[in-house]
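Trainee: Residue-level listing of the chains:
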Amino acid sequence: MADYTIYETVDITDVVCPVTFVKAKVALEELDDGEVLSIRLNDGEPVQNVPRSLKEEGHQVLKLESNDDGTYTLIVRKVED
Amino acid sequence: MAVDYGTLKKGGFMRQKQKDNFSLRLAVVGGTLTAENLKKIAEVAEKYGDGHVHLTSRQGVEIPFIKLQDIEEVKDELEKGGCKPGVCGPRVRTVTACQGSEICPSGNIDTYGIAKQLNERYFGRELPHKFKFGVTGCQNNCLKAEENDVGVKGALDIKYIEDKCIGCGVCEKACRTDAITIKDGKVNVDYDKCNYCGRCAKSCPTDAWDAEPAYILSFGGLFGNEINKGESPLPLVTSEEQLFRITDAAIQFFADYAKPSERFKFTLDRVGREEFYEKIEEAYHG
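The listed protein sequences derive, respectively, from chains A and B.
Be aware that the first sequence starts at 1, since it is given in my numbering, and climbs by one per residue.
Be aware that the second sequence starts at 1, since it is given in my numbering, and climbs by one per residue.
Same shape as in the complex, but just chain B (with noise of 0.2 Å):
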């Protein structure tokens, strides 16, 4: 019987150059797996594969070394350690993300809650290429947002409080875009020169700021064969809801204007970017 790899690769199989033999992409969403399902992953890759497992660089797992005749029996292994089987080929990929604010201090929106929403929306999708979603809690930028084909990177919509402050200066030199300056002791901000990385509110000892999690979305970024930093020709996105609808634009507009095989950067050098940018303003707007 002839093999299905497309099938295979598909359900996260993927072909080694041991014949016969496959490397397991299992499904991770923002590169967090439970204790639970390690300890199934290290079962299986000592009982089916040759004991050992491969970090994939998006914060996937792979167990390779399994073998054609024990798949259908691995998955129903894996199921039991509520494993899930990835994907490979054209559509939509494992959503990535840092910690974020659930965990790490320097966090301004909660990267693994918009990755679970990301790839409930989106995961597997079928399109005419792979399409990358990656998230990012602040402008350290630990998870590359830009390398992605849509990268989300979380910000905050700061607003100066005047009545909390003690004008101790401290956010002056937080501040790396020199939009903020402090005379007799009054703050003022030029929102032009800001960049929303929220280091002014975070650095506050009085917490003088109105900070509202905010996201800066970016588009047409690949890290392959050929390598563009993704774009963000959007002003700051301030709620989920918006964040979403410009997504569904932006992923839509992928299915709809694509050719095969042609990544997202692709798309928008031939279909033009002021097609598109009018698109997700429009979304964006609502």
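Isolated chain A (complex conformation) (with noise of 0.2 Å):
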């Protein structure tokens, strides 16, 4: 496993489909290229969908951890075009 910083966290716990990738992708456009995000979001149709998303959308996911409250953090690394 790659070492990484975390330089944002967004929740995406509040909103669904598709509003949870919109979100995760505006908050990877704020950031700069190979910076990482931390993305808290929901069990179910989010974390099912959305890593898969973000890797089409270019970016490098890089771990996906449960915090055992029903929600989990995935790690994600900016890739630009």
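Treat the hints as calculated values from the structure; they're not laboratory data.
Don't take each hint at face value.
The calculated lysine-lysine pairs, modelled on DSS-like cross-linking and capped at a C-alpha distance of 25 Å, are [to be verified]:
| # | chain 1 | residue 1 | chain 2 | residue 2 |
| --- | --- | --- | --- | --- |
| 1 | B | Lys80 | B | Lys17 |
| 2 | B | Lys40 | A | Lys55 |
| 3 | B | Lys159 | A | Lys55 |
| 4 | B | Lys40 | A | Lys63 |
| 5 | B | Lys159 | A | Lys63 |
| 6 | B | Lys186 | A | Lys55 |
| 7 | B | Lys67 | A | Lys63 |
| 8 | B | Lys10 | B | Lys40 |
| 9 | B | Lys144 | B | Lys116 |
| 10 | B | Lys183 | A | Lys63 |
| 11 | A | Lys55 | B | Lys17 |
Cβ-Cβ distance ranges computed for the label pairs, FRET-style [as the list claims (entries may be wrong)]:
| # | chain 1 | residue 1 | chain 2 | residue 2 | range |
| --- | --- | --- | --- | --- | --- |
| 12 | A | Glu80 | B | Glu212 | 44 to 50 Å |
| 13 | A | Glu80 | B | Asn141 | 34 to 40 Å |
| 14 | A | Gly34 | B | Glu281 | 52 to 58 Å |
| 15 | B | Asn195 | A | Gly58 | 24 to 30 Å |
| 16 | B | Lys159 | A | Asp33 | 28 to 34 Å |
| 17 | A | Gly58 | B | Gly185 | 21 to 27 Å |
Don't be surprised by glycine CBs; every beta carbon is placed ideally from N, CA and C.
Put the two chains together into one complex; each comes in its own frame, and the hints tell you how they fit.
Mentor: Written out as structure tokens, the structure reads:
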């Protein structure tokens, strides 16, 4: 596992699909290439789909961890085109 | 002169309630038309129809209110725009398809490519009753594969590549059949639980999966007066060659055993599935 420093965090547990992805995407847009974002997301559809959508956008998913409270933390490194 | 409605129907001209008016069904493969096709269809609908078209439940286009005396002229006109008449009656119908892997991020297979090949092999083939093929790209099943006489569903034949895995945990959550468990950063796959949906491979940030397009076939589906979900007795089909061997065997079984006006499902009910499964297993193994 690569080392990383979290630059910014975003909570997308207050929104539903497809806004979950949009909110994560907007948060990533604020970052520079190579900076790392921590995303708090809900179990179910968000955790099933958001990592894949971010991969399809070209970003680098580093880690998905359970917070053991029905939410997860997804760590993503921004990759610019 | 008596009107031969059977021949007209075979050539895609569907008799309307209104005397001497026909709704012309066009041949459409996998729900795909070019802009040139559409321009010609619009032109014909305005000139020979009443200015509207109908989109059918199986991705077809019909131009209603074509007059009996214009039929030959309409055919010639459509030909100039690359459009061909479709079919109705007891034969192989429009092959339907979703957008598949060439367009859709969820697609596991090139549905349009498969639909075109099925169309070339079978379209319009005379059979005891109608026979429908549908091709869907993944397990989201937008194209409803199992409602067809033969349904093709895109899958991914996956194998885990440990060396490329970073143990991030995404695949365990992406999997909807609990086939994946992660312990101490190591992925374990229970292939007996896997339904080949490919969500693990699609979501994997390091592409730590060998994922090859594959096919899940279903047989005997129908969704009209009677409703039946097509059954999938075969293991995963892993090549196009194997796929077409099986579809050849299935359609031949229908041609050989079905009674007139009997849909595939009822042929299977009457003749017995064991006999059919034997035939397609033979084709599966080549």
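Trainee: State for each hint whether it applies.
Mentor: Outcome of the hint check:
In summary, the hint linking lysine 80 of chain B to lysine 17 of chain B is not supported, as the alpha carbons are separated by about 29 Å, beyond the 25 Å threshold. A threshold of 25 Å between alpha carbons decides the hint, and for lysine 40 of chain B with lysine 55 of chain A the separation of about 41 Å lies outside it, so the pair is violated. Between lysine 159 of chain B and lysine 55 of chain A, the direct Cα distance comes to roughly 20 Å. Compliance with the 25 Å bound is thereby established for this hinted pair. Restraint check for lysine 40 of chain B and lysine 63 of chain A: not satisfied, since their Cα atoms lie roughly 53 Å apart, outside the 25 Å limit.
Between lysine 159 of chain B and lysine 63 of chain A the CA atoms are separated by roughly 21 Å; this keeps the pair inside 25 Å, and the hint holds. Restraint check for lysine 186 of chain B and lysine 55 of chain A: the C-alpha separation of about 21 Å stays at or below 25 Å, so the hint holds. For the given pair, lysine 67 of chain B sits about 65 Å from lysine 63 of chain A by alpha-carbon distance, which is inconsistent with the 25 Å threshold. Note on lysine 10 of chain B and lysine 40 of chain B: the hinted pairing holds, with a Cα-Cα distance of about 22 Å set against a maximum of 25 Å.
Only pairs whose Cα atoms come within 25 Å are accepted, and lysine 144 of chain B paired with lysine 116 of chain B is accepted, the gap being roughly 18 Å. In summary, the hint linking lysine 183 of chain B to lysine 63 of chain A is supported, as the alpha carbons are separated by about 14 Å, within the 25 Å threshold. Proximity of lysine 55 of chain A to lysine 17 of chain B is assessed by CA-CA distance (about 54 Å); at most 25 Å being required, the pair is judged violated. The hinted window of 44 to 50 Å between glutamate 80 of chain A and glutamate 212 of chain B is violated, with their beta carbons roughly 31 Å apart.
Look at glutamate 80 of chain A against asparagine 141 of chain B: about 36 Å separates their beta carbons, and that is inside 34 to 40 Å. About 53 Å separates the C-beta atoms of glycine 34 of chain A and glutamate 281 of chain B, a value consistent with the hinted range of 52 to 58 Å. Taking 24 to 30 Å as the suggested C-beta distance range, the pair asparagine 195 of chain B and glycine 58 of chain A conforms, at roughly 28 Å. Under the hint 28 to 34 Å, the C-beta atoms of lysine 159 of chain B and aspartate 33 of chain A, about 33 Å apart, fit the expected range.
Distance hint check for glycine 58 of chain A and glycine 185 of chain B: the Cβ-Cβ separation is about 25 Å, which falls inside the suggested range of 21 to 27 Å.
In this structure, the hints that do not hold are numbers 1, 2, 4, 7, 11 and 12, in rising order.
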